[in-house]
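A.B. asks: So the chains spell out like this:
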Amino acid sequence: MHCRAPYFQAQDLDALDRRLIDSYQRGLPVRTRPFHTVAERLGTSEAEVIARLERLQSLGVLSRVGPVFDHSRAGASLLAAVAVPEAERDAFAELINAAPGVNHNYAREDQAREHGYNLWFVMTAPDAPELEARLGALEARLGVPLLRLPMLEGFHIDLSFPIPWAELERI
Amino acid sequence: MSTVTPLSLDTARAPGEPDAHRRLRALLEQGLPLTPRPWQALAEQAGMAEEEVMACVRRWQAEGLIKRLGLVVRHRRLGIQANAMVVWDVPDEGVALVGRRLARETAVTLCYRRPRRLPDWPYNLFCMIHGTRRERVLAELAAIVERLGLDDLQHRVLFSTHAYRQCGGRYVREGAA
Chain Z
7 MHCRAPYFQA
17 QDLDALDRRL
27 IDSYQRGLPV
37 RTRPFHTVAE
47 RLGTSEAEVI
57 ARLERLQSLG
67 VLSRVGPVFD
77 HSRAGASLLA
87 AVAVPEAERD
97 AFAELINAAP
107 GVNHNYARED
117 QAREHGYNLW
127 FVMTAPDAPE
137 LEARLGALEA
147 RLGVPLLRLP
157 MLEGFHIDLS
167 FPIPWAELER
177 I
Chain E
13 MSTVTPLSLD
23 TARAPGEPDA
33 HRRLRALLEQ
43 GLPLTPRPWQ
53 ALAEQAGMAE
63 EEVMACVRRW
73 QAEGLIKRLG
83 LVVRHRRLGI
93 QANAMVVWDV
103 PDEGVALVGR
113 RLARETAVTL
123 CYRRPRRLPD
133 WPYNLFCMIH
143 GTRRERVLAE
153 LAAIVERLGL
163 DDLQHRVLFS
173 THAYRQCGGR
183 YVREGAA
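Heads up: the sequence lines are chains Z and E, in that order. Going by my numbering, the first sequence opens with residue 7, and the numbers climb by one from there. Going by my numbering, the second sequence opens with residue 13, and the numbers climb by one from there.
I should point out that these hints are in silico values taken from the structure, not numbers from a laboratory. Certain hints may be false.
[Unchecked claim] Sample of chain Z residues facing chain E (criterion: CB under 10 angstroms; computed from the structure):
(1) 68
(2) 115
(3) 162
[Unchecked claim] Ranges of calculated distance between the beta carbons of each label pair, as one might list FRET restraints:
(4) Z/133 / E/75: 17 to 23 angstroms
(5) E/75 / Z/156: 19 to 25 angstroms
(6) E/61 / Z/147: 17 to 23 angstroms
(7) Z/133 / E/164: 37 to 43 angstroms
(8) E/71 / Z/93: 30 to 36 angstroms
(9) Z/64 / E/104: 46 to 52 angstroms
(10) Z/118 / E/70: 43 to 49 angstroms
(11) Z/52 / E/145: 17 to 23 angstroms
For clarity, every value in this text was computed on a predicted model and none was experimentally measured. Think of the CB as a built atom: it goes at the ideal place given N, C-alpha and C, for glycine as much as any other residue.
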């Protein structure tokens, strides 16, 4: 499954959309009517907030509205990489995507090294033994050794990122 | 979001966790229903009371299982296309300090310590830097290296060239997304 979508124009998002995104990548209130609280704080109506969120979701700007779980506590997960010939990269990526539990899968380019690890993915599972079983099965299927890079310590706990609106408008 | 989500085997099972709570977590990973009372809607699907759903979410937040609650943005879709994984070889005794300092940088969105895999992988600290373009990301990285005095640490920059799958920390396999 490819996630790449046609380019989206930041100009298509108005001031209210941007304030929603800037203010609520975190801190959505756990109240009976959370969108009502959001609307009050942003000076609009609950129905408007819901409509905006629906639109942003349907445009693909938001993948969802909800919690981000801590990977290391929500189950077992592991960052892995393989070095494969560039010409066969798509085929390897397809095998990786077909494996159960893969939730990220990126091609990466190492400018300093030509034949380095070029496919990077995150494998998840309900627990550690199942994770190892999935990795082992995938490794056998790919026929190349997996670089296994479990997280040992996390220094950053927040995935939210300030959106550079002005810069996006210049693209 | 009106369909009932099938129970996913991929949702981690905490020992002794009630089935309803596990169902709730599987539902939450798909996002809140965009209705005036989303917790009530989730409660109905999970077979719980609205109050209990909210109490669970608050507890998971307090315990750190939930890192944040809000809008999950697809940065690529917005045009934030450059995504660099910067890997560093830091002497073991200094890795926690460097990790904490990198994590405080606004441009750094994730920062993890991972094991070295010698001989071919000597890097033990990973961070992600996002930006609109590669040049911006590299300029940001250069500024960080200078600010934190990291010039003597060996590091490499791996830019993503294609996202075969980008589904953000879900333990439930994605549906139609």
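A.B. asks: Taking each numbered hint in turn, which are not upheld by the structure, reported in ascending numerical order?
C.D. replies: 6, 8 and 11
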